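Chains as they are written, first to last, in our numbering: chain U, 1 to 376; chain D, 377 to 430.
Careful, some of the hints might be misleading.
[Unchecked claim] Pairs of lysine to aspartate or glutamate, DMTMM-like flavour, derived with a Cα cap of 25 angstroms: (1) U/LYS140 <-> D/GLU403; (2) U/LYS137 <-> D/GLU386; (3) U/LYS137 <-> D/GLU385; (4) U/LYS137 <-> U/ASP112; (5) U/LYS104 <-> U/GLU198; (6) D/LYS380 <-> U/ASP307; (7) U/LYS329 <-> D/ASP411; (8) U/LYS9 <-> U/ASP376; (9) U/LYS140 <-> D/GLU394; (10) U/LYS329 <-> D/ASP429; (11) U/LYS332 <-> D/GLU385.
Everything labelled a hint here was simulated from the structure, so no lab data went into it. Predicted model only: the values in this text are computed from it and were never measured.
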Amino acid sequence: MSGFVFNEKPIQIERGDGSYVYDDSGTEYLDMGASYACVPLGHGHPAVHEAVTEQFEKLTYVQASYPNAARTALYELLAETAPGDIGNTWLCNSGTEANEAALKFARSATGDSKVVATMKGFHGRTMGALATTWKDKYKKPYEPLIGDVEFVPYDDIDALEEAIDDDTAAFIVEPVQGEGGINPASREYLQAAREVTEATGTALIFDEVQTGMGRTGALWNAQRANVTPDMVTAAKGLGNGFPVGATLCRDWIAEDYGSHASTFSGGPVISAAAGATVSTLIEDSVPGNAAVVGDYLTTELEAAIGDEVRDIRAEGLMIGVEVGRGANKALKQLALNHQVLALPAGRTVVRLLPPLTIGEEEADEVVEAMAEVVTD
Amino acid sequence: MGRKVMAVEEALDGGAPEAVVADANAEAPITAALDGDGTHVHASALDADSQEDH
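If we strip away everything but chain U, and leave its shape as in the complex, we get (with noise of 0.2 angstroms):
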């Protein structure tokens, strides 16, 4: 029996808490990759947990269709904190899920059917979200996927301005890529696709699935850009480990979204995970500690190994060290030899995106570890 799964590691884990995971050895490792952002909080975080439990025991599931309690004080609180006049929130189950709904709705409101994406963008593996994802690697085997899409480069004005016209009905964009090798956009990029979708009614889609949840300082990072898409997806934190996803949109796009929908959208149990997480980065100022540790972080391995790198690039705690070839010769040193889990973003670069509650104690950790790696 095996299951479907890429890039299997040599270690069982079997157990987390807090910035920690354990094999089944109870080797204790640091966990900065945090299974891809996926818990902000930290592993076993009791706000999650109380939260959780208490709704299991009440209510397991229940469709959508009818209104429960966890599910509407997640609609409430999302509307709270998104950014600007963001209003409406439909939930899925994952940031794929969540794109692809945000490429239907534009769709569906503009009337429009060209999609604008960017280079070494990663934005899901559905057919439609897949079709906006830049590398061909994940796209090859599965094509046809939805034509008229556009590829423009990252973080070029000029190009962008290019491509967008009256009849497009989506731009797309992570304001910080990720699995694109950590490549933060410049906010006159973000500001200026603003102004240009708004110019030609084009909805501006911010996958926030990676950035989203406080990990690079702001609730939303179109907050730290001062922009207010017309739809912002969420997901990987949302959940602190649940599966959860969000496209969280303007009026106009709610208005006129088509007849998309899911059977496990908002279940219960999972909405009251993301409650609890969304209430515990704001109550607990999580996201200005991804800011301040973040700085520390960034600022540290800057000094320890700056010159033996080709780049290092962060926004909080979203930390990119391009060590030139040989990522996943650093990451299973780091691992292995140093107890410390990362992630790659592409070939080149070692991936950093701890649970945002880390310290400067479990920051020193990893800077010691990474100057031995890239020195061996």
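Following the hints, put chain D in place on chain U, whose structure we already have.
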């Protein structure tokens, strides 16, 4: 050689369908490279070396 390989990878990652490592001292080096001289690397060559990711 490492730098050449890295430059090729960057070009292909950035969207070039093909990259050529060719001799700049040859006669009409660019035309010669486009005509087939040098080492041609196609984008699909990266697939085996790239990790699945999110």
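Results for each hint:
Distance hint between U/LYS140 and D/GLU403 is unfulfilled; the C-alpha atoms sit about 38 angstroms from each other, more than 25 angstroms. Taking the CA atoms of U/LYS137 and D/GLU386, the gap is near 15 angstroms; set against the 25 angstroms cutoff, the hint holds. Our distance criterion of 25 angstroms between C-alpha atoms is met by U/LYS137 and D/GLU385, whose separation comes to about 14 angstroms. Using a Cα cut-off of 25 angstroms, the hinted pair U/LYS137 and U/ASP112 is violated, with the two alpha carbons roughly 28 angstroms apart.
About 18 angstroms separates the Cα atoms of U/LYS104 and U/GLU198, which keeps this hinted pair within 25 angstroms; it holds. Distance hint between D/LYS380 and U/ASP307 is fulfilled; the C-alpha atoms sit about 21 angstroms from each other, no more than 25 angstroms. The hinted pair formed by U/LYS329 and D/ASP411 fails the criterion: a straight-line CA distance of about 37 angstroms is larger than 25 angstroms. For the proposed pair U/LYS9 and U/ASP376, the alpha carbon gap of about 22 angstroms is at most 25 angstroms, so the pair holds.
Taking the CA atoms of U/LYS140 and D/GLU394, the gap is near 17 angstroms; set against the 25 angstroms cutoff, the hint holds. Distance hint between U/LYS329 and D/ASP429 is fulfilled; the C-alpha atoms sit about 16 angstroms from each other, no more than 25 angstroms. For the proposed pair U/LYS332 and D/GLU385, the alpha carbon gap of about 22 angstroms is at most 25 angstroms, so the pair holds.
Of the hints listed earlier, those the structure fails to meet are numbers 1, 4, 7, in rising order.
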